[in-house]
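As you go down the protein sequences, you meet chains E and R in turn. Residue 208 in the working numbering sits at position 208 of the first sequence, and the numbers go up by one each step. Every position in the second sequence, counted from 1, becomes a number in the working numbering once 354 is added.
Just so you know, these hints were derived from the structure itself, not from any lab. Virtual Cβ for every residue (Gly too), placed ideally from N, Cα, C. Keep in mind that the hints are not guaranteed to be accurate.
Partial selection, computed: residues in chain R whose CB lies under 8 angstroms from chain E [said to hold, decoys possible]: (1) 372; (2) 374; (3) 376; (4) 382; (5) 423.
Pairs of lysine-lysine residues, derived as DSS-like cross-links and limited to a Cα-Cα distance of at most 30 angstroms, are as follows [said to hold, decoys possible]: (6) E:88 / E:115; (7) R:457 / E:233; (8) R:457 / E:256; (9) R:457 / E:88.
Computed far set for chain R versus chain E, every beta-carbon distance over 12 angstroms [claimed, not checked]: (10) 360; (11) 362; (12) 380; (13) 387; (14) 399; (15) 401; (16) 402; (17) 420.
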Amino acid sequence: MPRPSESAPLIGVIPPYMLDRLAQHNDARVSMPAVKTLIIDQQQRGLREMAVQPPRAKPSPSRKNATPAGKPRRAVHDAANTTTLPGKLVRAEGRPASGDAAVDEAYEHLGATYKLFWDIYQRHSIDGHGLPLVGTVHYGEDYDNAFWNGTQMVFGDGDGEVFNRFTVAPDIIGHELTHGVIDAEAALLYQGQSGALNESLCDVFGSLVKQYALGQDARQADWLVGVGLFTAKVRARALRSMAEPGSAYDDPVLGKDPQPAHMDDYVDTPSDNGGVHINSGIPNRAFYLAATSLDGPAWALAGRVWYDALCDERLRHDADFQQFAALTLQAAQRHDAAVRDAVAKAWQTVGVQP
Amino acid sequence: MIDLPSLDLALLVRLTREGGLAYLPALAQPRSIDLAACPPDVRQEVCEALQRAAPVAVPRSAGAGGDQRYFHVEVVYGGAEAPQVSFDVPETDAPDTLVRLWKEPPRQE
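Start from the sequences and build out the full structure, keeping to the hints where you can.
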C-alpha cells in the first residue's frame, strides 16, 4: 500500500521558498498574490490530506516466518561501503559477536529496542507480529545518516570529522525502529505538525530504549538524543535535547540547534518537510515534563500513556499536536490523578491546549 | 521520472538536501550555482547532473519518511514570464554527479 503522503503528491510550479520570500515583500502588489497562493496551497493540501485517511496497516501474521512472541529475530547486514541493500548477512539471530563494532552495536541495540516494546508494551516487534528486525551497517562512503526505508534500518559510518558511526547510540536505533511502529499504526504524515509528532514519538521511544537498557528513572536520564554521534571536533552534546530543546549544539560547522520548546516559538518553514525535526522539540519537552514530574521510570507511566495514544485508532495520519495531546489526556484517565495532572500540565507548559 | 525542460535558458540552479536524522542549519545551506556567470565546463557539468537525475526525479517528494534524505532542485529561468522548475530526487536513487554537486559545489569565478 502506498504511504499516505505518496498518494497525494504536491506539485507546484513556483517553489515554496520563493512564495515565502514574495509573501514577505514590502510591496503589497507583490506580496498579496503570493500570500493568497500560499493559503490556497495549504488549504488544498489540507483538503487532500483530510480526504484520504488510510486504513491502518495491520499485516496478518505469517505462520511460515512466525517468530515466537517475546523473541526478536535480528539480521545485521554489511553493505561494505556500497549503497546496495541489504548487503551481506554478517550476524543472524543467536550468532556470536562478530568483532565489528558497528555490526555488534546494531545487533545489541535492535535487541534493546525489541526488549522495551515487548517487556513494557507487549508489542511483538515493529508490526506486533514478530517482523524480523533487519539492519544494514557500513552503508555508503562516509555516509552521515541513519534511516528507516519502510522495510529495514540503514546506518552510515559517519565521516569521522563531524559524525561518528550511527550505530553508536541506542536511542538512534530505537528512533529508527519507532518509525516502523508508527507506519504500522497511525502512519503519521511526514510533513508539518504530524511529521513533527512522528519525529517526537521516535525520540520519545528511542530515549526510553536507552533509559530501559540503563535501568534509569526519569529523573536520572540525560534526555539527550544521539549522544556520541558527534565527534569531539564539534561543539555538540547530541542531536537534540528533550529537556531543553534548542540547547543540544552551537557550532560554526553545524549552526545552532533550532528546536523550539514552546508553541509561541513554533517555526513555520518549508525546510525540513515543514520543520519535522525542528518543531518536534515542543512535544518532546511535553513528554520530558510529564515523565519527570512522576516518580519512577519514564517508560512505566508517561511512556504507557504516550504508547496508548500512538496506538489509539482515533489518531489520524494528519494529527496535530493538539489532537495527540487530547488522546494522551484520555489515555491518562486509566491512571491515577498524579498521572492525569502530570500529562495535562506538561502540554499546558509547552503551550498546547488539548 | 520528470520531463526536464531545456536548460539552454536556465540562469540559476539551487540545490538543497532535505531530510535526515536531524535538521542541522549550517549543513543544510542550499548550494546555488549561477549558470549565467559560471565557466562553460561548470555549466555543462551541472546540466549533465540534472539530466541524469531527471529519470529518477519526482515532481515533489511529499516528505520521504523515516529520516530518508532527498535532493530538492530548483531551476530559475530568465524573464518574468518564464516558468521555474523544481523537482526532488531521493538520495538513494541520486546519480553520483548530483551527489558530487552537493558535496563539492563547483567553483564559479
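Consistency of the hints with the structure:
| no. | hint | in the structure |
| --- | --- | --- |
| 1 | 372 | 7 angstroms, holds |
| 2 | 374 | 5 angstroms, holds |
| 3 | 376 | 4 angstroms, holds |
| 4 | 382 | 7 angstroms, holds |
| 5 | 423 | 6 angstroms, holds |
| 6 | E:88 / E:115 | 25 angstroms, holds |
| 7 | R:457 / E:233 | 19 angstroms, holds |
| 8 | R:457 / E:256 | 21 angstroms, holds |
| 9 | R:457 / E:88 | 28 angstroms, holds |
| 10 | 360 | 16 angstroms, holds |
| 11 | 362 | 19 angstroms, holds |
| 12 | 380 | 3 angstroms, violated |
| 13 | 387 | 16 angstroms, holds |
| 14 | 399 | 21 angstroms, holds |
| 15 | 401 | 19 angstroms, holds |
| 16 | 402 | 21 angstroms, holds |
| 17 | 420 | 3 angstroms, violated |
In this structure, the earlier hints numbered 12 and 17 are contradicted, and the remaining ones agree with it.
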